[in-house]
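2 protein chains.
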Amino acid sequence: MDADSVVATLATTARVAARTLSSSLGSDRKMALFSIADEMEKQSSLILIANSKDMERGRAVGLSPQLLDRLLLTPERISGMAVGARNVANLPDPLRVIVRESVLPNGLHLRQMTVPFGVVGMVYEARPNVTVDAAVILLMSGNAALLRGSSSAASTNAVLVAVMREALERTVISPEVIQLVPSDNRETVNALLHARGKVDLVIPRGSAELIQMVVDEATVPTIETGAGVCHVYVDEFADFAKAISILINSKVQRPSVCNAAETLLVNSAIAEKFLPMALNALKEEGVVLHCDEKVQSVAHELGISSSPIGEANWSTEYGTLEMNVGIVDSVEKAIDHIAKYGTGHTEAIVTESQAAAERFITLSDCAAVMVNASTRFTDGEQMGFGAEIGISNQKLHARGPMGLEAMTTTTWIVTGTGQIRS
Amino acid sequence: MDADSVVATLATTARVAARTLSSSLGSDRKMALFSIADEMEKQSSLILIANSKDMERGRAVGLSPQLLDRLLLTPERISGMAVGARNVANLPDPLRVIVRESVLPNGLHLRQMTVPFGVVGMVYEARPNVTVDAAVILLMSGNAALLRGSSSAASTNAVLVAVMREALERTVISPEVIQLVPSDNRETVNALLHARGKVDLVIPRGSAELIQMVVDEATVPTIETGAGVCHVYVDEFADFAKAISILINSKVQRPSVCNAAETLLVNSAIAEKFLPMALNALKEEGVVLHCDEKVQSVAHELGISSSPIGEANWSTEYGTLEMNVGIVDSVEKAIDHIAKYGTGHTEAIVTESQAAAERFITLSDCAAVMVNASTRFTDGEQMGFGAEIGISNQKLHARGPMGLEAMTTTTWIVTGTGQIRS
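Chains as they are written, first to last, in my numbering: chain A, 1 to 422; chain B, 1 to 422.
Over the 12 Å line for every Cβ pair with chain A, so calculated as not near, a few chain B residues:
# : residue
1 : ASP2
2 : VAL61
3 : PRO308
Between beta-carbon pairs, the in silico distance windows are:
# : chain 1 : residue 1 : chain 2 : residue 2 : range
4 : A       : PRO276    : B       : HIS109    : 29 to 35 Å
5 : A       : GLU209    : B       : LEU25     : 40 to 46 Å
6 : B       : SER102    : A       : GLY26     : 17 to 23 Å
7 : B       : VAL172    : A       : LEU67     : 51 to 57 Å
8 : A       : GLY26     : B       : ARG96     : 28 to 34 Å
Calculated from the structure, these hints are not laboratory results. Don't be surprised by glycine CBs; every beta carbon is placed ideally from N, CA and C.
Here chain A stands alone, though its shape is the one from the complex (with noise of 0.2 Å):
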């Protein structure tokens, strides 16, 4: 069988099986989670075996180590995955909510109600846990699972869908709502991206190539993730000890995300006082400089080396300590270089002006703006969703952190007497 008859046939499997979601009652799915989270504990071992073949067959290949580190499972990893479950299990059910309700004129009661996708596909890179962690929020929220893992996480996936689908045995959802997409040819991602119809929607989760092929390629309905390139804008009515703590936060404390923030801006009013404090306070955590003409004569006279900024420097995602500093007149010109260089994530400004925080969100056109808080909140466990699929960085559907809801549409239930129209 080619690639697409494979995805075709998987979709259609799980559309059928789908069925058992969408009729599920929210206690019902709770249960199968809940089936999830025991059996994977239960399997544990199996599933370390599994990954030991994997991290094996890595280090053969010569896998870097920041990418082995990606594969591994360990106990308390896979204990990990099992209290995310049970999280997911015990958020409230994010279906059949009526968001809208009206009565029309004649007689025609109205009702937005949410419902599942239906067939949702995954394609995602080394890390396991997303096949548990994507699994189970897609479960939750009714819909069949297509998933598209790396081929070098092959034998751990295979496990692991096996012991979900264990789980699911035991309860009144067919196991068949998981599959497994095989990883052995890429011709399996490409047949995914175009089974328009039969996958109702791809989310792509890795790098910023893998998420780029995706958008570029797919037919099918996609959710673009990932990429941040995140300010932090000092403003003239800045209290400076916030803008430290808040710029060494977002730019130090886990750099390889895409909520960290790459560029420093500050309001040219208050640069003379803060930048002192800012480029000392990043020398202090290591991080490498990349500064405009003003900036780079103040380090010089602080004895911080910095390098000259390039253009390209200012829209990069480092993902690493290293940092672009520049001076900027107002808000205004603060948004003009954000609107230039930014990817629409995170933008922070640290003010104590309302005035000055009310322009810049005004303007800003992002997933998020921060107000006196770190760029690091963008993030579903911190805003309070319980989980979270991904990171939207489209403006269509769904922006910013996707937790349940997001892998929810509505559909219109018109309930009448016999109305017609006239």
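Given the coordinates of chain A, assemble chain B onto it according to the supplied hints.
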């Protein structure tokens, strides 16, 4: 300049101008729409002259009477557009609505707020009223509009856009928020569909071919609109009088539109009694029948001519007075049929059984379910939205009729007092 550069320039100009929208008050946008409505009426004769040029050219190239009718503007149609603009102006402001709000344990104040997309492209066919209808909905929802109409309506569209821009000169909204994309070559459509990062969303309106092309080609996010193979299922527990009235209204009242019904499915338990009534009623309205074998034999006994149904008929959107008729054994079998041949637009059930209605709702996978009501009610005006930019036939972002709200996205506003992540 090549088409890509033309579109890029228009999009960039529009995005800068869109700041006058995103920072405007609802009352500013309301004024702008009133100004547009007034100017349309004032410049009515200028618009009619331009339209007569398009009509002349249309006749010369042999456009069908149907297309010519769509192209035609009359004083009544122009005031219809003006009235439409005033209606939209009077709708509640869809921007800066707080959709969700919470205070997190760490004191962060979280708000999810509606904001405009930014720059929205429309690709549409003959009807010049879309130029105005779309522009006013987009403006009211804070978006700049890139309008790519049909070359057959080029003169009319040029004047309509000029009139709207002139009207904006008297307001705080920049006239540059409305941009006409040249329709003198197909390349501009292509450029619009690939202007990723420059255009936030493209909405196609028109034929199934146009919509399919946009969905297949676009790398910019799009919303699929349109195709409707809608079903009326008459259940075992149907009230026959309601069923006949809903059937005829769904099929006959305006067969050319997407929410008209194409297929009647009758429960086998009532087929013997109900079918003669239904077939006679459809015959009286001049509906051409395509019937499954059992229905054909009933029709034959009644002396009503019908043709045998082919597989392709079941999935055809006739748009004319033709209808498929089949027998199914249960709600589940009706849903199986609909899942196989439907387009997920609107499905109706006629039944007095609450259980059957609930089952039909739960298993349906479509934008709107009608319980004892005509399929023709899937419509923004009818549902009380006050305006409609199209009917979404996809599950992502918006499903069913799209009003002002569907033309917004959201942003998270997180306000703190210096919070950082630990």
